[in-house]
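Visitor: In order, the protein sequence lines correspond to chains A and B.
Counted the way my numbering counts, the first sequence spans residues 33 to 148.
Counted the way my numbering counts, the second sequence spans residues 18 to 133.
No lab work stands behind these hints, which were simulated from the structure alone.
Cβ atoms here follow ideal geometry from the backbone N, Cα and C, with glycine treated the same way.
Don't take every hint at face value.
Here are some chain B residues pointing at chain A (derived, C-beta under 8 angstroms) [stated by the list, open to error]:
no., residue
1, Y50
2, M58
3, E96
4, G127
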Amino acid sequence: SQELEQSPQSLIVQEGKNLTINCTSSKTLYGLYWYKQKYGEGLIFLMMLQKGGEEKSHEKITAKLDEKKQQSSLHITASQPSHAGIYLCGAAPRGHSGGGADGLTFGKGTHLIIQP
Amino acid sequence: NAGVTQTPKFRVLKTGQSMTLLCAQDMNHEYMYWYRQDPGMGLRLIHYSVGEGTTAKGEVPDGYNVSRLKKQNFLLGLESAAPSQTSVYFCASSYPILAGGSNEQFFGPGTRLTVL
Numbered sequence: 033s034q035e036l037e038q039s040p041q042s043l044i045v046q047e048g049k050n051l052t053i054n055c056t057s058s059k060t061l062y063g064l065y066w067y068k069q070k071y072g073e074g075l076i077f078l079m080m081l082q083k084g085g086e087e088k089s090h091e092k093i094t095a096k097l098d099e100k101k102q103q104s105s106l107h108i109t110a111s112q113p114s115h116a117g118i119y120l121c122g123a124a125p126r127g128h129s130g131g132g133a134d135g136l137t138f139g140k141g142t143h144l145i146i147q148p
Numbered sequence: 018n019a020g021v022t023q024t025p026k027f028r029v030l031k032t033g034q035s036m037t038l039l040c041a042q043d044m045n046h047e048y049m050y051w052y053r054q055d056p057g058m059g060l061r062l063i064h065y066s067v068g069e070g071t072t073a074k075g076e077v078p079d080g081y082n083v084s085r086l087k088k089q090n091f092l093l094g095l096e097s098a099a100p101s102q103t104s105v106y107f108c109a110s111s112y113p114i115l116a117g118g119s120n121e122q123f124f125g126p127g128t129r130l131t132v133l
């Protein structure tokens with residue numbers, strides 16, 4: 033089965049600083065999803081990456097999938113208090129061949145705290 | 018659109034009691050999922066459904082049953098609750114890429130269940 037390892041487990045960053053969260057897979061990633069979860073709430077979809085070398089950005093958040101499709105990174109530029117929360121990466125075990133029906137396998141999450 | 022809704026939001030059960038968690042989505046999604054989230058374990062898939070009348074086991078199905086009698090609803094049942102089922106339960110839905118969707122999973126706000 034596919035396992036996703038996220039690093040770091042927790043991160044404390046001063047407001048305005050940049051940060052990076054990594055997600056490493058034991059198998060090739062056919063679809064990598066990044067979600068954000070505020071404490072006590074549900075998951076909010078951030079971005080999905082499919083192709084090796086793909087990069088997507090939304091506001092101050094950039095996600096990349098490496099060429100070998102086994103590692104993804106999430107980079108936040110000029111962090112703000114609104115960025116605080118838990119960031120989770122998820123992967124579809126069979127990618128598109130399974131139609132996404134298998135659900136997602138998630139990493140354990142990275143807890144991000146932004147210090148003012 | 019309400020998106021994905023879950024009822025109840027909170028529940029406390031005694032060991033051996035039964036209950037049903039309800040998930041509803043108004044996005045006409047084919048796929049629906051139940052996950053549980055535990056500290057240090059991340060999100061794990063319990064059961065999922067690829068359409069009305071069909072269900073399948075996920076990673077941690079023991080002690081749970083599900084039903085999808087209507088496309089918009091996915092029910093998760095605990096027949097005899099155990100303290101090990103204390104968790105936060107999330108429902109999600111998605112529209113498959115093969116059918117023109119993005120496979121992005123939309124999550125509900127969660128149900129916090131405590132079994133004493």
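Visitor: Of the hints stated earlier, which fail here?
Guide: 3
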